[in-house]
Amino acid sequence: MKTTYVQAVNAALKEEMERDNNVVVFGEDVAQFGGIFGATRGLLDQFGSDRVKNTPVSEDSIVGVGIGAALGGLRPCIELMYSDFMLVAFNEVFQTAAKFRYLHGPQYKVPIVMRAAAGSAFGAGAEHSNCVESIFMHSPGLTIISPSTAYDAKGLLKSAIRSDNPVLFFEHKQLYQIKEEIPDEEYLIPIGKADVKKSGKDVTVIAVGLMVKRALEAAEKLAAEGIDVEVIDPRTVVPFDKDTAFDSIRKTHRVVIVEESNKTGGLGAEWAAMIQEELYDELDGPIVRVAALDVPLPYNVGLELTSIPDTQRIIDAVKSTL
Amino acid sequence: MAYSKDFLMKLYRNLAADRILEERLVELYAQGWIPGHIHSGQGEEASYTGVLAVGKEGDQYKFTHRNVSAYHDVGISYNHIFCEILGKKGGNSDGKGGINHIADKDKGVIGLVGALGGTIPVATGVAYALKMKSPGNIVICIYGDGTTSRGTVHESMNWAAVWKLPILFVVNNNQFSISTSAEECVSVPNPGADRASAYGMPAKVVDGTDVLAVYEAAKELSDYVRAGNGPAVLETKVYRWRGHFEGDMARYRDPKVAEEWKKKDCVKKFETYLLDNKVITEEEIEQLRKEVCEEIEAGIKFSEEAPQPDPAEIYDCLYAEEYYR
Numbered sequence: 208m209k210t211t212y213v214q215a216v217n218a219a220l221k222e223e224m225e226r227d228n229n230v231v232v233f234g235e236d237v238a239q240f241g242g243i244f245g246a247t248r249g250l251l252d253q254f255g256s257d258r259v260k261n262t263p264v265s266e267d268s269i270v271g272v273g274i275g276a277a278l279g280g281l282r283p284c285i286e287l288m289y290s291d292f293m294l295v296a297f298n299e300v301f302q303t304a305a306k307f308r309y310l311h312g313p314q315y316k317v318p319i320v321m322r323a324a325a326g327s328a329f330g331a332g333a334e335h336s337n338c339v340e341s342i343f344m345h346s347p348g349l350t351i352i353s354p355s356t357a358y359d360a361k362g363l364l365k366s367a368i369r370s371d372n373p374v375l376f377f378e379h380k381q382l383y384q385i386k387e388e389i390p391d392e393e394y395l396i397p398i399g400k401a402d403v404k405k406s407g408k409d410v411t412v413i414a415v416g417l418m419v420k421r422a423l424e425a426a427e428k429l430a431a432e433g434i435d436v437e438v439i440d441p442r443t444v445v446p447f448d449k450d451t452a453f454d455s456i457r458k459t460h461r462v463v464i465v466e467e468s469n470k471t472g473g474l475g476a477e478w479a480a481m482i483q484e485e486l487y488d489e490l491d492g493p494i495v496r497v498a499a500l501d502v503p504l505p506y507n508v509g510l511e512l513t514s515i516p517d518t519q520r521i522i523d524a525v526k527s528t529l
Numbered sequence: 534m535a536y537s538k539d540f541l542m543k544l545y546r547n548l549a550a551d552r553i554l555e556e557r558l559v560e561l562y563a564q565g566w567i568p569g570h571i572h573s574g575q576g577e578e579a580s581y582t583g584v585l586a587v588g589k590e591g592d593q594y595k596f597t598h599r600n601v602s603a604y605h606d607v608g609i610s611y612n613h614i615f616c617e618i619l620g621k622k623g624g625n626s627d628g629k630g631g632i633n634h635i636a637d638k639d640k641g642v643i644g645l646v647g648a649l650g651g652t653i654p655v656a657t658g659v660a661y662a663l664k665m666k667s668p669g670n671i672v673i674c675i676y677g678d679g680t681t682s683r684g685t686v687h688e689s690m691n692w693a694a695v696w697k698l699p700i701l702f703v704v705n706n707n708q709f710s711i712s713t714s715a716e717e718c719v720s721v722p723n724p725g726a727d728r729a730s731a732y733g734m735p736a737k738v739v740d741g742t743d744v745l746a747v748y749e750a751a752k753e754l755s756d757y758v759r760a761g762n763g764p765a766v767l768e769t770k771v772y773r774w775r776g777h778f779e780g781d782m783a784r785y786r787d788p789k790v791a792e793e794w795k796k797k798d799c800v801k802k803f804e805t806y807l808l809d810n811k812v813i814t815e816e817e818i819e820q821l822r823k824e825v826c827e828e829i830e831a832g833i834k835f836s837e838e839a840p841q842p843d844p845a846e847i848y849d850c851l852y853a854e855e856y857y858r
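So the protein sequences, as listed, match chains A and B. The opening position of the first sequence corresponds to residue 208 in the working numbering, with each subsequent residue numbered one higher. The opening position of the second sequence corresponds to residue 534 in the working numbering, with each subsequent residue numbered one higher.
Check the hints yourself; a few may be wrong.
Listed next, the stretches of chain A that the computed footprint assigns to chain B, with coverage defined by at least 3 CB atoms under 8 Å from CB atoms of chain B [as the list claims (entries may be wrong)]:
no., segment
1, 248 to 262
2, 268 to 274
3, 278 to 291
4, 305 to 314
Quick list of in silico lysine-lysine cross-link-like pairs, BS3-like style, CA-CA up to 30 Å [said to hold, decoys possible]:
no., chain 1, residue 1, chain 2, residue 2
5, B, 789, A, 365
6, A, 221, B, 666
7, B, 752, B, 640
For the record, the hints were derived by calculation from the structure and aren't laboratory data. No experiment lies behind these values; they were computed from the predicted model shown. For each residue, glycine too, the CB sits at the ideal point set by N, CA and C.
Using the sequences provided together with the hints, build the complete structure.
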């Protein structure tokens with residue numbers, strides 16, 4: 208069936224709520240309103256007000272109550288609206304969700320999914336546009352998923368809800384309305400498995416979220432110039448699928464990492480360091496990072512587009528490795 | 534209220550045992566036996582043992598850094614407690630959690646978040662799960678007067694009231710958050726109870742050195758919560774006998790006030806009541822104390838002999854599933 212990314216998220220929630228009565232959904236404006244991006248539309252009518260609930264504007268507690276509900280045997284899939292608001296609940300995500308099991312022992316598990324809309328959206332500004340994966344990647348215990356297609360979003364959200372670990376699930380705002388064909392029948396995508404979105408032999412581009420789309424656009428343009436790019440989408444930022452990435456690098460020997468968050472301390476910083484530590488002999492040159500400029504994302508759309516990597520910057524980065 | 538001898542004896546045993554454990558922990562810390570910090574609950578034992586006496590099978594508990602002895606009241610053995618304190622095998626976390634994370638899910642212990650107040654939303658979430666899956670059970674959520682000023686506490690009180698969740702908020706008001714007195718940092722005389730009306734829930738203030746008064750108040754409020762009426766607040770007035778942590782000489786407060794409060798010793802008070810009412814004899818008190826001490830010493834010995842965690846297991850328990858590592 209032809210579906211948008213946000214409809215795929217909605218379908219995953221619906222299927223998992225039908226399958227398991229312990230799956231509950233709560234967050235700001237998720238009930239009658241269906242979430243400000245429409246991801247939870249229709250769930251209240253189908254599953255009722257015990258399982259689909261609006262919450263106060265209390266982000267610390269949306270995560271904290273979710274953790275408690277998970278400890279109590281439910282499988283909460285909570286919505287934090289903007290991924291920026293996950294920073295309001297920083298202690299709950301970074302300390303509590305991530306560490307609770309490790310600190311209390313194997314009797315304790317925290318099967319919670321924290322969904323949030325991430326990324327730039329043409330004027331949403333510095334506090335409603337962040338990609339926060341790299342911040343939370345620093346806390347062992349979390350699983351972090353950032354799907355770039357409707358197909359991946361559905362299959363990975365279903366796996367996330369079934370996971371016994373706390374999962375951060377980032378849906379990109381600019382991808383929500385993109386339509387694609389996905390299977391009618393049920394499917395799951397395993398957590399921790401990257402996807403080769405385009406194979407190629409010259410340069411490996413590792414990209415996340417919206418940047419996968421940009422990387423594919425760049426690859427198409429580069430193909431016209433005879434440069435064959437392989438685009439790897441890790442899909443799950445944590446755990447990172449080293450096998451798929453390393454197999455690609457062993458083939459191309461050149462790496463570009465593309466992300467939408469600020470360059471300093473970003474995903475590219477971590478992955479570039481890891482690749483040079485573990486795969487140095489396979490590299491023919493420095494790993495190149497393409498990331499947002501190190502500024503808060505400006506409100507002016509022209510300035511926003513200056514900050515966020517575009518296709519041309521990816522093309523230039525790929526060429527610089529050759 | 535008329536109490537059965539069994540009830541009184543069980544309550545006394547918990548109260549006396551908790552005092553003995555709190556005293557022993559201070560000694561052990563002074564000897565360098567305990568890593569990290571301890572926060573003594575001496576003088577405050579009745580404020581939680583009295584509340585825990587209302588607990589029923591299936592209820593869930595959230596304690597604090599200052600009521601380590603409460604873990605024994607809900608059935609966790611001294612062997613387990615001391616192994617966890619020493620960070621050895623034989624506790625719940627194999628050396629990863631420690632004294633503030635003593636836990637046993639089967640005994641209803643929720644666990645603890647290190648930044649105080651962080652566990653209040655977690656306990657509220659457990660109450661939501663209880664409401665969905667185990668009606669009639671409640672969460673007993675204990676915290677201190679300092680924690681009442683955390684935003685998470687106010688969020689959770691509001692949330693629990695709106696969703697009518699089965700959670701009893703218990704504020705052990707020992708009048709200090711480290712060195713800062715409650716009157717310096719809280720705008721109302723009763724940091725727990727006076728804020729309850731803002732969230733439309735009932736509250737009581739009780740003398741936390743009178744274990745039966747604590748029990749009576751907890752019983753009334755917990756019955757209300759258990760019946761599905763939503764949350765309530767119980768504030769127990771106590772005084773922190775010792776410093777915030779061991780090594781804090783508490784020079785920021787008037788020693789005369791501390792001495793006055795120490796006269797209101799909750800254990801002695803209850804012993805006097807039991808002796809006056811001929812529920813117990815001096816000999817029985819001695820015998821009980823001896824038994825508890827033996828059990829505690831056996832726990833200490835057990836933990837000293839317990840194995841250290843294996844460094845090869847340092848990644849164990851980080852994730853619940855195999856997809857990682």
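Each hint tested on the structure:
1. 248 to 262: holds (count 3)
2. 268 to 274: With 6 residues close enough to chain B, the hint holds.
3. 278 to 291: holds (count 5)
4. 305 to 314: Since 8 is at least three, the answer is holds.
5. 789/B <-> 365/A: The given pair, whose Cα atoms are some 62 Å apart, is violated under the 30 Å limit.
6. 221/A <-> 666/B: 21 Å, holds
7. 752/B <-> 640/B: 20 Å, holds
Hint 5 alone, counting from the list given before, is not met by this structure.
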